[in-house]
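Asks: So the chains spell out like this:
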Amino acid sequence: MTKTGLWAVCLAAAPFAAEAQTEISWWHAMTGANAEVVDKIASDFNASQSDYVITPVFKGTYPEALNAGIAAFRAGQAPDILQVFDVGTGVMMGAQGAIKPVAELLTENGATFDKSQYLPGIVAYYSNPAGEMLSFPYNSSSPILYYNKDIFQKAGLDVDNPPKTWDEVWAAARQIKSSGAATCGYTSTWLTWIHTENFAAWNDTPWGTNENGLSGIPELKIDSDIYVRHFQALADLAKEGVFVYGGRTSEAKQNFTSGECGILTESSGGLGDIVKAGINYGIGQLPYDAGADGAPQNTIPGGASLWVMGGKSDETYRGVAAFFTYLSQTDVQQYLHEQSGYLPVTMAAYEASKASGFYEANPAREVPITQMMGKAPTENSKGVRAPNLPQIRDILNEEFETMLAGEQDAATALKAAVERGNAAIREAAGG
Amino acid sequence: MRRTVFPHKLLPWLLLAPQLAITLVFFYWPAAQAFRQSVMKEDPFGLSSAFVGLANFRKVLSDPNYLNAVQVTAVFSLLVAVSALGIALFLAVKAETIIRGKGFYRTLLIWPYAVAPAVAGMLWLFMFNPSFGTLAWPLRQLGIDWNPLLQGGDAMALVVAAATWKQISYNVLFFIAGLQAIPRSLLEASAIDGASRRHAFWTIVFPLLAPTTFFLLVVNTVYALFDTFGIIHAVTGGGPGKSTETLVYKVYNDGFVNLIMGDSAAQSVILMVIVIALTAFQFRFIERRVHYA
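As they're listed, the protein sequences go chains A and B.
Counting with the numbering used here, you get residues 123 to 553 for the letters of the first sequence.
Counting with the numbering used here, you get residues 18 to 310 for the letters of the second sequence.
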């Protein structure tokens with residue numbers, strides 16, 4: 123073939139090739155085993171059809187990925203799909219025009235979207251007040267209780283019955299410490315997520331006004347008596363050395379896996395590391411406050427969801443819709459759930475895991491699901507939302523740390539947290 | 018001094034171009050952006066923005082948390098600068114008196130400088146984390162209630178130690194150079210006059226090292242103010258409470274975690290003014306007295 127002929131072919135083929143496969147970028151924050159799941163799902167999707175190519179790109183931790191997405195949007199270079207963690211949900215929802223609601227995307231592209239097929243707690247969390255699902259839930263988790271069976275045995279506690287209420291947890295923790303079975307009775311990761319946000323939902327008590335911020339800008343309510351009692355108990359345990367503080371995120375998991383602490387409350391997504399540590403562990407429901415009416419209610423999801431960025435071509439949106447449809451398939455969801463420890467998003471996948479005998483072999487894996495699905499959510503338990511939840515969590519953590527160090531009591535800490543938090547929310551909402 | 022005259026008009030500019038381009042792109046442009054953002058109020062996505070004049074500056078300067086960060090920064094910088102200079106001077110003097118294996122000791126002393134700040138932070142964290150730290154355990158056995166996760170003082174001690182350790186090498190390098198520049202004859206003369214080693218150090222060596230010490234003081238202060246972000250980020254994240262939140266860390270936290278761009282930009286501009294003032298101070302009073310060998 124002559125040189126000119128070759129050029130002609132290239133020129134003719136180039137636009138054709140570009141049309142044949144639309145590239146879709148997916149920025150995520152998954153590491154380790156969960157990153158492998160992302161890559162596997164993407165490559166399986168790419169192999170399943172020839173119109174679209176999903177390219178997953180790792181963008182650092184959750185906050186880093188969110189920031190990268192925001193910076194890229196400002197520069198006009200936003201990815202097509204962005205994974206945003208639960209606390210970033212409010213930030214994304216406030217950015218109308220920057221995002222494309224998932225429900226709208228799916229219906230526009232001929233994919234049927236039936237809300238009833240998805241786990242209700244999760245759909246509610248990622249929907250706007252009108253009930254429209256804005257992002258696609260990818261990895262959801264729920265806080266549960268882990269306990270060290272060897273330590274329980276040494277302390278003379280019932281190995282088969284983990285504590286169910288917080289009072290039982292405090293008592294068991296004190297017994298662990300006083301019997302010398304371990305140096306620390308109880309520890310917890312994510313104090314804000316577990317002890318305020320999920321505490322509110324699980325005990326059916328408000329975290330903030332306006333359905334915890336789901337139907338409008340919230341005003342924090344976490345200085346009511348039930349919280350003061352709860353946090354004062356934690357502060358007292360910290361003073362006695364029964365409760366050990368690990369850090370603001372999931373650091374406390376190490377205090378449990380090292381055998382230092384007998385009881386831990388942590389995300390169900392943390393199971394992998396606890397299994398790997400090889401300790402003799404058991405799992406229980408997240409404890410509730412025995413004094414709260416209607417407790418236990420239901421827990422709210424943590425984890426992350428996939429947001430579709432606005433202003434992309436129709437072709438790209440068709441591809442994203444195809445990918446989400448693929449992702450909703452029962453076998454894909456079942457794989458995601460069983461591999462990563464995150465919750466399945468569809469009812470069908472949950473049923474399939476059940477039918478396959480997965481929960482009989484791994485009973486603990488069903489706890490986070492039953493917790494979330496046990497009851498229809500109330501206005502206190504659909505979730506929590508604020509335009510600046512990451513900042514609110516920081517403020518709360520700062521006050522909790524000062525409280526646990528013994529420099530202020532629970533009532534003072536919570537009052538300060540509410541005042542500072544509300545000021546920050548007003549500021550963010552006004553901007 | 019002899020003036021060098023280039024016959025070519027364009028060539029000097031051409032040779033300067035890469036450096037100028039880098040300065041423009043990586044300094045002037047972001048600085049201009051910071052100035053612009055510091056007078057705007059914007060949502061994280063930049064979908065809506067409004068000019069607010071100096072409101073961001075007023076807000077930042079009246080924020081008690083900002084004043085707290087100023088205080089934290091002052092304490093932190095002072096502790097880091099003083100301990101990094103003191104320990105480095107001691108080590109440099111001792112290393113100079115060694116006869117055999119001088120090079121070996123010097124290499125070891127300079128080594129930590131090659132460690133990235135975040136890595137240095139992780140190293141110290143692994144040693145002193147209350148739950149899994151290799152050195153935290155013996156501290157507890159000694160009855161010391163060591164808990165940098167909750168005790169602000171412990172956390173400050175930890176970041177100061179990590180930041181100091183990292184900076185000592187740099188200081189040692191300059192002190193050794195400074196010590197070698199001191200004329201032997203002066204020390205020999207003092208020895209003949211019967212001065213003790215200690216006396217000779219404080220009356221001869223230390224004053225002659227003054228230019229080096231002043232120079233290092235400025236460099237160390239700038240380092241403590243701006244280059245320790247990685248260490249603080251890795252070790253404490255500004256906590257517990259706000260006890261290790263320095264000015265630079267607050268810029269990051271407000272801008273990139275809390276997504277309040279206007280406040281963060283206003284703080285950056287304030288920091289920029291501080292650096293310019295420090296640099297001017299250094300050029301005006303110190304640069305003239307330092308003698309580079």
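FYI, nobody ran anything at the bench for these hints, they're computed from the structure.
For every residue, glycine included, the Cβ atom is placed at its ideal position computed from N, Cα and C.
Some clues are possibly wrong.
Unchecked claim - Chain A is faced by these chain B residues, among others (derived, beta-carbon under 7 Å): (1) LEU64; (2) ALA135; (3) MET139; (4) SER148; (5) GLY150; (6) GLY272; (7) ASN275.
Asks: None of the hints should be skipped; say for each whether it holds.
Replies: Here's how the hints hold up against the structure:
With 7 Å as the threshold, the beta carbon of LEU64 (chain B) comes within range of chain A, its nearest partner Cβ sitting at about 6 Å, so the hint holds. For ALA135 (chain B), the shortest C-beta to C-beta distance to chain A is roughly 13 Å, which exceeds 7 Å, and the interface hint is violated. Annotation: interface hint on MET139 (chain B) violated; nearest CB of chain A at approximately 13 Å, more than 7 Å. Look at SER148 (chain B): its Cβ gets to within about 5 Å of chain A, closer than 7 Å, so that hint holds up.
The restraint placing GLY150 (chain B) at the interface with chain A is violated, with a minimum CB-CB distance near 11 Å, outside the 7 Å limit. Against a cut-off of 7 Å between C-beta atoms, the interface hint on GLY272 (chain B) is violated, since the closest Cβ of chain A lies about 9 Å away. Restraint check, ASN275 (chain B) versus chain A: the minimum CB separation of about 4 Å is within 7 Å; hint holds.
Of the hints listed earlier, those the structure fails to meet are numbers 2, 3, 5 and 6, in rising order.
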